[in-house]
Amino acid sequence: MASSIRVRATSRGDTTEVQALVQHPMDSGFVKNARGELIPPHFIQRLAIEHDGKPVFVADWGPAVSKDPYLKFAFKGGKAGDELKVSWTDNKGATDQLTTKIQ
Amino acid sequence: MNGSSSDRATLSRRVVLQGIATIAVAGVAGLRFDLTGAFAAANDAYPEDAFRQKSEADAIKALYGKTAEASDKVRLDAPEIAENGAVVPVSVSSSLPDVTSIAILVPANPNTLAAAYRILPGTTAMVANRLKMAKTGNVIAVVEAGGKLYSAAKEVKVTIGGCGG
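Top line first, the protein sequences correspond to chains A and B. Positions -8 to 94 (our numbering) are the ones given, in order, by the first sequence. Positions 78 to 242 (our numbering) are the ones given, in order, by the second sequence.
One or more hints might be untrue.
Unchecked claim - Using 25 angstroms as the maximum straight-line C-alpha spacing, the simulated BS3-like pairs for lysine-lysine come out as follows: (1) A:K23 - B:K131; (2) A:K83 - B:K131; (3) A:K67 - A:K83; (4) B:K234 - A:K23; (5) A:K63 - B:K234; (6) A:K67 - B:K150; (7) B:K212 - B:K234.
In short, the hints are calculated from the structure, not lab data.
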């Protein structure tokens, strides 16, 4: 199965800009389906990003984050070819991760 | 732990403010540092309680254990009008030094806290994401810098809600 995570990390000067897009329903638990039943909450709780094994960013999310979450941030350091690892865990305990290289 | 001593001091204050009053009373630097490690790990957990709060004040208190003051050094970018409340682009940045955390709250939603970001040393005080908004209301950005909380708010008019049909 293709990864749920897509990342673009670009190094410019001494700063690396990271954009991540994750495929996830991010069900809030407040929405009803076509039969009028509540869809139970199902959302990513934590997404963490490591640069060469060192954490650079931690996102804690509630169900108010939009479906297929998008995230952009930047950190100092990091150069083309360095490894960047993105991982997430949702409220049902599912996880996914992706390791990519900074461009 | 590779944080500087000021990071440690910040963390200690935060731990103290989270209700460990005895440490403040003792005020022994060594004791505080020893405990910082243990509580830093606890701090690391997903803030489930904060995400359950209904009001802005309760959510900020559950997350940080203190209150925020308005600041023009917190920059909040959100649209004036969101045609689709399911996808509202929101970004927060700050020119304040020593930013350690950024949180975004939507008080009009069933649960106020939408997202909380840990800004680690070396990471820029900026984050952009997309949030759901149930109806028209404020978006609030809270930035923790140097152990203090600063906030900014902006009203977003929502024409189609993001939390249900």
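Does K131 (chain B) lie within 25 angstroms of K23 (chain A) when you go C-alpha to C-alpha?
Given that 25 angstroms is the threshold and the Cα spacing comes to 21 angstroms, the pair holds.
Tell me if the straight-line CA distance from K234 (chain B) to K23 (chain A) falls inside 25 angstroms.
Within the cut-off at roughly 24 angstroms; holds.
Next pair to validate is K67 (chain A) with K83 (chain A); report whether the Cα-Cα distance is within 25 angstroms.
violated (33 angstroms)
Take the C-alpha atoms of K67 (chain A) and K150 (chain B), compute the straight-line distance between them, and say whether it is at most 25 angstroms.
Given pair K67 (chain A), K150 (chain B) holds - Cα atoms ~21 angstroms apart, limit 25 angstroms.
For the pair we were handed, K83 (chain A) and K131 (chain B), check the Cα-Cα distance against 25 angstroms.
holds (23 angstroms)
Just to be careful, I want the Cα atoms of K212 (chain B) and K234 (chain B) compared with a cutoff of 25 angstroms; is the pair within it?
Distance of about 7 angstroms is within 25 angstroms: holds.
Hey, K63 (chain A) versus K234 (chain B), does the alpha-carbon distance stay inside 25 angstroms?
holds (24 angstroms)
In this structure, only the earlier hint numbered 3 is contradicted, and the remaining ones agree with it.
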